[in-house]
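Model the full assembly from the supplied sequences, consistent with the hints where possible.
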Amino acid sequence: MTPRSKIDDLIAARLPDDLRPTPVLRWAGDETECDDSPIVDERLLADLEWLERRQNDQESRARLEESLNRCAAAWNELVAQHQQLVEYREQLLAWRQHAGDSLAQRQQRLDQQKAAIREVARRLEAVWRAVAPGGEAPALERLLGEIRQRIADGCYPPGEVVLWIADGLAAYAAGDPVGKHLEQKAPTVVVLKLVLKVGEYENAAERVATVVDPAGVIMTTGLGSSRGGTKVAIESARVVFPGDEKEYDAVLGAFDSRLGLSFFRIKDLGGKKIASVNLDDVVEPKVGDELFGVSRLEE
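Throughout, the numbering used here is defined as the position within the sequence shown, counted from one, plus 42.
Careful: at least some of the hints might be erroneous.
[Claimed, not checked] Simulated pairs of lysine-lysine, DSSO-like, Cα-Cα distance not exceeding 30 Å: (1) K288 - K309; (2) K156 - K235; (3) K227 - K288; (4) K235 - K315; (5) K309 - K227; (6) K288 - K235; (7) K235 - K273; (8) K315 - K288; (9) K235 - K309; (10) K288 - K156; (11) K239 - K288; (12) K227 - K328; (13) K314 - K235; (14) K314 - K288.
No wet-lab data here; the hints were simulated from the structure.
See below:
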């Protein structure tokens, strides 16, 4: 049995305003016999306990809703991260596709270059066989064999010194003076590979040069000490001989600014015997004389 005042305090402390019922109090006995402490019916206590449980259920529900809200926020964050991963994956696939396309395009260009070289070799072979006596000149066969071999190996190297015109014209009839001169002078024409420092930048360049001394002195043109006021310095120089893929280091020995001639000396020939032009064996050309020049293809 609980006093009424205590019941009122319990209701006021535990229940919100909107949940407070209007209790119907049933009193047992005579109030005068209760010493101002009326007795509450047991069913009222059961109702109060039910209300208390309901309040606890609402608090649990509020906590559950709060947990659900946190789960929903975490889920939304996971969805956003997944979307970012999908976008990154699409970008990666696009980059891989672009890289694959670039490699395929590069390979296609290389194949086209090889095909162009084969076509040039085929046409030169047809021309040289047409002008050569019987089409069986040794120089022609040697050149064509070298071209075929290098194309088959797929290693037509940059800066390769192949004297197309000289060896082709050397296929003319024996005794032809032009063919003989070209065949004699071809070994003296070399390629000079340079690394030039122009201002703050380095550039690679190639020059056709002529061997003027069997000790390893070569001569070339087209080099200057400055370009438009910009200083030009030679960082490195290498010489490539016809039929030899080895590159020989060289140094600048002299420069004639008036004639624009540069002379380089090969550091170490390694016992290699080289042909050279005899500068003492010269003639004075006259008007009407037939001249020919020897050069090499660029890279």
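Going through the hints against the structure:
{"no.": "1", "hint": "K288 - K309", "verdict": "14 Å, holds"}
{"no.": "2", "hint": "K156 - K235", "verdict": "23 Å, holds"}
{"no.": "3", "hint": "K227 - K288", "verdict": "20 Å, holds"}
{"no.": "4", "hint": "K235 - K315", "verdict": "20 Å, holds"}
{"no.": "5", "hint": "K309 - K227", "verdict": "23 Å, holds"}
{"no.": "6", "hint": "K288 - K235", "verdict": "12 Å, holds"}
{"no.": "7", "hint": "K235 - K273", "verdict": "19 Å, holds"}
{"no.": "8", "hint": "K315 - K288", "verdict": "14 Å, holds"}
{"no.": "9", "hint": "K235 - K309", "verdict": "14 Å, holds"}
{"no.": "10", "hint": "K288 - K156", "verdict": "23 Å, holds"}
{"no.": "11", "hint": "K239 - K288", "verdict": "24 Å, holds"}
{"no.": "12", "hint": "K227 - K328", "verdict": "21 Å, holds"}
{"no.": "13", "hint": "K314 - K235", "verdict": "19 Å, holds"}
{"no.": "14", "hint": "K314 - K288", "verdict": "11 Å, holds"}
The structure shown violates none of the earlier numbered hints.
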